[in-house]
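Number of protein chains: 2
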Amino acid sequence: MTDHLFERAAIIGPGLIGSSLSRALRKAGVVKSLVAYDKNPATSARAKEIGVVDEAATDFAGAVSKADLIVIAAPVGAIGEIASAVNDHAQSGALIIDVGSVKGAVAEAAAQLREDISFVPCHPVAGTEQSGPDAGFAELFDDRWCIITPLDRPDEAYKTAINKAKTLWERIGAHVEFMDPAHHDLALAVTSHLPHLIAFTLVGAADDVESVAQAEVVKYSAGGFRDFTRIAASDPIMWRDVFLKNREAVLEVLGRFSEELAVMQRAIRWGDGEALEKAFTRGRSLRRAIVDAGQETAEPNFGRDKDGQ
Amino acid sequence: MTDHLFERAAIIGPGLIGSSLSRALRKAGVVKSLVAYDKNPATSARAKEIGVVDEAATDFAGAVSKADLIVIAAPVGAIGEIASAVNDHAQSGALIIDVGSVKGAVAEAAAQLREDISFVPCHPVAGTEQSGPDAGFAELFDDRWCIITPLDRPDEAYKTAINKAKTLWERIGAHVEFMDPAHHDLALAVTSHLPHLIAFTLVGAADDVESVAQAEVVKYSAGGFRDFTRIAASDPIMWRDVFLKNREAVLEVLGRFSEELAVMQRAIRWGDGEALEKAFTRGRSLRRAIVDAGQETAEPNFGRDKDGQ
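Taken in sequence, the protein lines are chains X and H.
1 is the number of the first residue of the first sequence in the working numbering; add one for each residue after it.
1 is the number of the first residue of the second sequence in the working numbering; add one for each residue after it.
Hint data in this document are derived by calculation from the structure and do not stem from the laboratory.
Check each hint, because a few of them may be wrong.
Capping the alpha-carbon separation at 30 Å, the derived lysine-lysine pairs in DSS-like fashion look like this [stated by the list, open to error]:
(1) Lys66(H) / Lys164(H)
(2) Lys27(H) / Lys39(H)
(3) Lys278(X) / Lys39(H)
(4) Lys278(H) / Lys39(X)
Just the calculated beta-carbon pair ranges, DEER-fashion [said to hold, decoys possible]:
(5) Lys278(X) / Gln112(H): 26 to 34 Å
(6) Gln91(H) / Asp142(X): 33 to 41 Å
(7) Gly255(H) / Gly93(X): 29 to 37 Å
(8) Asp143(H) / Asp142(X): 28 to 36 Å
(9) His175(H) / Ala61(X): 56 to 64 Å
Backbone N, C-alpha and C define an ideal beta-carbon position, used for all residues, glycine too.
Hey, can you work out the whole structure from these sequences and the hints?
Written as structure tokens, this is what we have:
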């Protein structure tokens, strides 16, 4: 039995997401063979060494030119340049997808490519705080959402490409949603970019209270702080690019957050217990909805205190 | 063999912390028998029903007057009043501890009590986002830190009481640290109170972006948002009281956070990638220190995607 969707996939950037996708595509039989390319040859060599891909290419053109699926799994700041290089070397009919967290910038880059190849921008909303080929795993996309923001191209070839991209994600366990890039960038600013910015900021600010030693921050982190360090441990380059490329939407939702924070600050200063209690009551129902939607574990403390349950 | 430290413990408020402590004290053989009292009789009855205590008292004076250990496990806003009632009914020689997250206010209340009883303020830095007797478990304090902020009382009886309190926590798996109340309140403002305030605020602010539906917030929460909903699901009354009772320290660290956030906002607005990358790089080392100190799991995503590893 063979129901490969693709003969040969080129994974540009086999890091956490790229290598997870490699593993998932192979496990689900979506592709027949896989080649990895990375601007750092040690990364693609490592992906080959641990069996995530069949081949590590040192030559970009060689990797891309024989592939019918090209996955750009690089920080969003690099996608434009890589797309342009893909444009120079891809074979006719190739499907190109990315996995970037900002889609407006990717849509602009994708619209520049030749008409005989199809770039379908994708964002699988999944990840961990770790990086590199070793950190990936095939089940990363299981039950997670992948947002596709297709170009406005009326040709049949592109419509077919969109469907193939959709099928690809569904075959590896993800749910697919279509969206326009601007709405994606605002929605993800709320659910991903602002939370990361806040976590990075909180972890940074903990260093600033001179009279509290870092050893104390570490010891008493179970009071809540440790939760924030998970996403604050995420890849700095990837996140730098997200904020550079999604500036408008991030500043918009950050403005809303700062207003809300000022309201809380005033309630604390004035001793307004009623306002605080009312504000704090909103959290439980939203968490319950997220658990019910299969996007979070129901176990207390994320289940990390297993022996305690 | 019997090495009970106490004959009879009265647990005032057998919720998440109170019932976890009941379970732990019994499991470690620290107390011989346990009685629970709660201002809501259904809560103490439930604690008895699930076997967390031997007895559910409907009469406060009766519960307290026969106990040699009295645990006040109530929101910090209620501790003063409960301490005063304990003062009216406790037997001579009783040890009183609390588990409150703010210690300045507790120290003031504790200093008002009779000299033949000893109130040793305690704060076990442990918890989950859940509430009530059913949410507790004996291992909650395992490898967590308990901060004791003793009164400045020179008598031998009080020194003995401090040691008994220390032994109690160590017998149930916690590490003990001594601190003055003001330093506790600042350190915990950093590691616990500010993180909770930020999480409550972020979850609240997600409602405010009109064009992003709550269904989208839920679906794409795996991008980072879901992490914040855990502590934002914590008990609203408990947290209201924390902010009312630790106003000064919280406003101080919140000021630092807001400054840092303004710096990040400017870096985003100006497209200063170097500043962002530098700020984002700090997170990994702090998380590693927390994992190394045994205060956090090393597994990616808190280990909640178990099947994915």
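query = Hint by hint, which ones does this structure get wrong, listed from lowest number up?
reply = 6 and 7
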